[in-house]
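Using the sequences and the accompanying hints, generate a full structural model.
Chains as they are written, first to last, in our numbering: chain A, 52 to 376; chain B, 204 to 693; chain C, 50 to 346.
Do not take every clue at face value.
As the list claims (entries may be wrong) - Chain B stretches covered by chain A per the calculated footprint, using a threshold of three residues with CB under 8 Å from any CB of chain A:
1) 353-365
2) 443-453
3) 648-657
4) 682-693
Just so you know, these hints were derived from the structure itself, not from any lab. Every residue, glycine too, gets a C-beta built ideally from N, C-alpha and C.
Okay, here's what each chain looks like letter by letter:
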Amino acid sequence: MAASPHSKPSLWRRMKQHSLAYKFIAPTVVAMFLIHFIPMVQGLYLSLLDVRLTTLTLYLKAPFVGFKYYREVILALLFGSDSSRISGMLNATGNTIEYTFWTNVATLTLGMILALLLNRKFRWRGIARTLVLLPWVVPTFVTGTIFNFIWLQQGGLANRILVDWLGIIDQPITWLIGPNSLYALVIATVWRGLPFATIMMLASMQVIPLDLYEAAELDGANGLQRFRYITLPLLKPILATLVLFGVINGLYGGYNIAVQMFGGGTAFAGEYADLLVPAITRQTWERHLYGFGAASSVLLMILLLVFVGIWYRVFRSSLRTEGGS
Amino acid sequence: MLRSMQRSFRGSLALLLCLTLLLSACGANETGSTATSATGGNAAQAEPTKAPANTEAPAATAAPAATEAPTEAPDSNTAAVTLKLWHMPNGAAPAEAMQKEIDAFEAANPGIKVEPEMLDWGAAFQRIQTAVQGGEGPCVVQLGTTWNPTFAAMGGLRPFSDAEITELGGSDSFVDASWETTQLIGQPGAFSIPWFADVRALAYRADLLEQAGLKPEEAFKDWDSFEQTLKTIQEQNPDVAGIAFPGRNDWNVWQNSSMWIWNAGGELLSNDSEAAFNSDKAIAGVTEFAKLYGEKMTITNTLELNSSQVDAAFGDGRTFSIITGPWLISNARTPEADGGWANRTVADNLAYAQFPAGPGGQYTFVGGSNLAILKSCPNPEEAFKLVKFLTANESQLRYTQNIGMLPATKTAQSDPQIASDPLYSVFIAAAANGKTSASIAEWGQIESVLNEQLGSLWDDVAGTDGVITSDKVKERLDKAATTVDELLGN
Amino acid sequence: MGISVTERTTAKSLRVDQHRLRRFLVSRAYDLLLLLIIALLLLPIIFLIIGSFKTRQEFTVGSAFWPQSWHFENYSVMWQRVNFSKYFLNSIIICSATTLVVTILASMSGYALARFRFPGAGAFSLGILGTQLIPGTLFLIPLYMTFLWIKNTLHIPLIGTNFGATVLYVGFFLPISLWIQRSFFATIPVDLEEQAMVDGATRFQAFWYIVMPLAGPGVISTAIFVFLTAWDELLFAWVLNVQTIPVGIRQFTGVAGSEQRYELLSAASVVIILPVALMFFLLQKRFIAGLTAGAVK
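Here is the structure:
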């Protein structure tokens with residue numbers, strides 16, 4: 052911005068003027084093309100081919116099947132499918148959306164509470180802030196491992212706390228199989244993701260000018276009102292960022308935790324908790340249906356784009372104010 | 204000024220990049236030669252660059268005397284051939300057990316060095332696939348029996364010639380079910396050689412059975428008597444469940460169910476080309492299996508467990524019987540300090556029985572592992588020597604007992620060490636009635652489909668508190684059949 | 050406070066006291082709630098650390114919270130059984146190299162994006178955000194095939210090597226890191242550079258000597274982010290046969306007969322957390338400062 056010229060010279064001149072900028076972004080552009088875009092274009096084409104174990108060596112010269120896989124999925128959406136390859140994918144889509152919803156709601160709500168608690172003046176604040184961040188340094192595949200032990204119905208930590216220590220429930224809950232599997236996955240994800248959300252919100256809270264609160268207090272606003280009319284609106288930009296991250300992580304995530312949490316590496320979490328990325332990975336690397344896997348990935352990307360579109364509509368205003376500041 | 208500044212920046216950047224490349228190049232070797240140079244702690248093995256990164260450390264602690272001999276041998280013989288061997292974590296102390304065989308082989312074959320690397324089961328398939336496609340990898344590789352046809356179909360395995368098979372003792376010298384797994388349907392010859400067999404049977408507590416006044420021949424005779432036995436045991440021992448087996452969270456989902464399918468008179472595939480596991484007989488078998496949970500004959504949380512946790516539940520005395528393999532024998536004979544069960548009530552009373560016969564017969568699953576030579580191997584003759592050594596009697600007896608599996612050769616199985624052992628003998632008898640997966644390239648995919656639907660069936664069972672009808676089983680198996688037929692191109 | 054003299058002020062201070070007392074109690078209640086949440090957050094980690102000293106039997110049975118006796122040897126057994134040093138070293142090399150390269154390149158690109166309104170900047174930003182929207186499963190196979198092709202034809206060992214993994218991760222994390230960096234640069238006042246340039250420094254010198262030192266917290270935040278994410282990557286490392294910790298750790302679990310060694314897995318997990326936790330503790334002050342700065346913008 053500072054370097055931008057006063058008048059509007061020709062494009063070439065402007066480009067020459069910014070030669071340093073181009074040098075600076077050159078490595079990134081190369082990396083983006085090599086690692087992201089060229090492979091993505093190949094992947095898009097791959098989704099139109101019948102590539103499987105026997106034809107993998109042909110790769111892009113494999114038989115062309117066009118939009119076969121997409122048609123299969125859309126037909127299955129409308130009429131259902133007998134093949135577990137496709138119905139499993141649809142089922143995983145439902146689970147993934149549910150997973151994304153719950154992880155986001157829980158992470159943001161708990162993160163907000165935690166950030167509010169940390170955004171007070173108290174003596175052990177520094178230590179508290181550090182301790183809260185600790186789960187974030189635990190790698191996700193370790194998170195999966197830990198929670199495998201925690202969820203065990205007999206002798207697992209969760210049931211020990213709920214049944215033996217607190218006595219909230221009489222019967223131990225089964226987490227690792229059956230309908231609770233998805234929540235087992237959600238809670239593990241929230242545990243890992245909470246610290247980051249908390250710290251980001253805390254950081255935003257700390258730059259809210261205190262006199263705003265003081266003025267509101269003089270006007271007789273209670274704590275809840277102050278939160279509702281001061282804190283929340285000013286947190287909107289960071290909430291927008293966190294929701295976007297949350298949606299991406301929710302739709303594209305869950306693999307590492309699921310692999311370690313259910314069955315030590317089989318990566319099949321059952322129909323209650325099978326997410327899209329594990330499901331696609333299974334179709335690709337266990338069934339060797341590389342073309343179908345690519346098509347499913349494209350559909351997953353479209354699903355994400357839909358969510359990003361919704362996200363943009365919801366948060367458009369707060370994005371604009373952020374951009375203006 | 205400007206130029207020189209930029210240049211110095213570029214210079215420092217280039218330096219950093221070089222440094223990074225150097226760092227990464229250090230660890231570039233696929234077998235992890237970095238580790239060899241860096242593991243100062245294992246000084247004993249650090250000298251030869253060829254020292255295997257993987258197995259050295261445990262070997263050093265377990266048998267320091269044994270490792271010294273082979274490290275000196277190649278020094279005197281500079282024209283040594285190095286064979287890379289990929290193996291999986293077999294048994295409780297996988298690296299030590301493998302190193303013992305390698306040491307013995309190297310002592311018998313001066314001039315050949317074996318460089319082992321241990322792969323985990325989760326990554327092994329992928330690594331072998333890359334090795335086959337990338338044309339660079341080990342010479343000798345352990346294959347899960349169900350993988351043999353896949354890699355053979357990909358053209359990555361060097362077939363064994365008739366002369367070589369004769370030299371190994373002929374195909375008749377191997378357990379039949381194991382030998383089947385070396386084939387690829389539609390192509391002649393063997394693509395791998397059976398290494399060890401993993402046979403499944405029922406492990407049970409002899410003391411509890413005796414207290415109940417039951418005889419093993421009667422107690423495990425057929426499905427009815429088996430269920431009766433479990434109920435009797437549970438009535439007499441309130442703290443002990445009848446049986447335990449893993450549900451969805453395990454690698455053995457389809458193996459465990461397949462025995463119920465076979466014993467009910469069903470098949471997994473018909474003519475190796477069409478799904479048959481959704482026949483009425485097969486459905487009856489799986490329903491019978493699920494009934495064990497529904498009628499509360501299992502430990503309460505059995506479905507969330509994996510095989511290892513099930514074994515532990517047995518070792519802890521919480522269950523009367525489990526579906527398992529021969530490895531519990533080595534558990535029972537290993538002292539408690541080393542993680543075994545020796546001197547426990549369970550260990551003293553460990554007994555095995557074949558699976559109860561169903562209306563269709565009395566079969567069991569035979570899996571295990573084979574040894575294959577990759578086509579890209581530059582020293583196939585030496586590689587064959589290694590395969591021959593590992594499938595010969597001496598190594599078979601030692602290695603399989605160390606890892607708790609069954610030898611794959613009939614000679615080794617009939618050795619008194621195995622044959623007259625009351626525990627091992629059950630497996631030998633069971634192996635005679637062994638069944639295994641179809642030798643077709645698509646088996647790996649079929650297995651994945653089966654695991655998915657049978658695994659989900661356990662989810663259904665858990666979700667409905669155990670009440671499972673044959674309709675639900677049929678729904679699952681039909682779904683799997685449709686998918687499998689699709690994979691097979693039907 | 051409570052030592053006021055006149056009656057009127059006493060009454061007032063009583064009210065104030067009551068108010069303060071209430072505030073004090075509410076505040077302590079909040080403290081308690083916070084303490085409870087922190088305890089819940091830390092419990093899994095504590096459980097893991099305690100578990101790493103149990104025996105295999107205790108683990109699979111899940112019998113007690115505390116081990117019967119403390120098995121410190123789990124750590125040495127773990128280290129030797131799968132030759133953990135190989136995986137550990139590979140991970141350290143890959144993650145350090147990635148972090149170093151990414152941080153440098155992301156600083157440069159992020160600065161360019163924050164400061165220059167060059168033709169194509171919009172498209173470039175869009176491209177960066179676009180990379181974050183591609184699912185890994187879509188370009189995993191093409192990457193695998195490309196790397197395989199490069200290996201087979203150009204003989205550049207990109208598969209199964211630390212070099213290949215570093216190349217991959219640099220490409221992977223560069224766009225998102227540069228996006229984070231950009232927001233930090235945006236918070237640094239332009240005046241400083243302009244002043245320096247008036248004094249005769251080039252744009253590059255201004256960047257290198259004036260801006261970079263100020264961007265410290267941002268750089269550290271990005272570096273930690275990159276290191277943590279690379280440390281955690283399993284899927285690509287697995288498919289490209291890179292021997293990193295997430296891949297190696299799976300040797301502790303497996304199929305029947307190969308005995309799942311949960312106590313060793315736990316010990317390994319603790320060791321895996323240690324370097325990142327250590328780095329985090331050393332840098333956390335600047336890291337949080339960096340996040341704060343980044344969040345403002």
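Results for each hint:
For the segment 353-365 of chain B, the stated coverage by chain A holds: 3 residues have a C-beta nearer than 8 Å to a C-beta of that chain, and at least 3 were required. Taking a C-beta to C-beta cut-off of 8 Å, the segment 443-453 of chain B contributes 4 residues in contact with chain A, enough for the three needed, and the coverage statement holds. Proximity of the segment 648-657 of chain B to chain A, defined as three or more residues with a beta carbon under 8 Å from a beta carbon of that chain, is established by the 6 residues found. Residue count for the segment 682-693 of chain B with a Cβ under 8 Å from a Cβ of chain A: 6. That meets the three needed, and the coverage hint holds.
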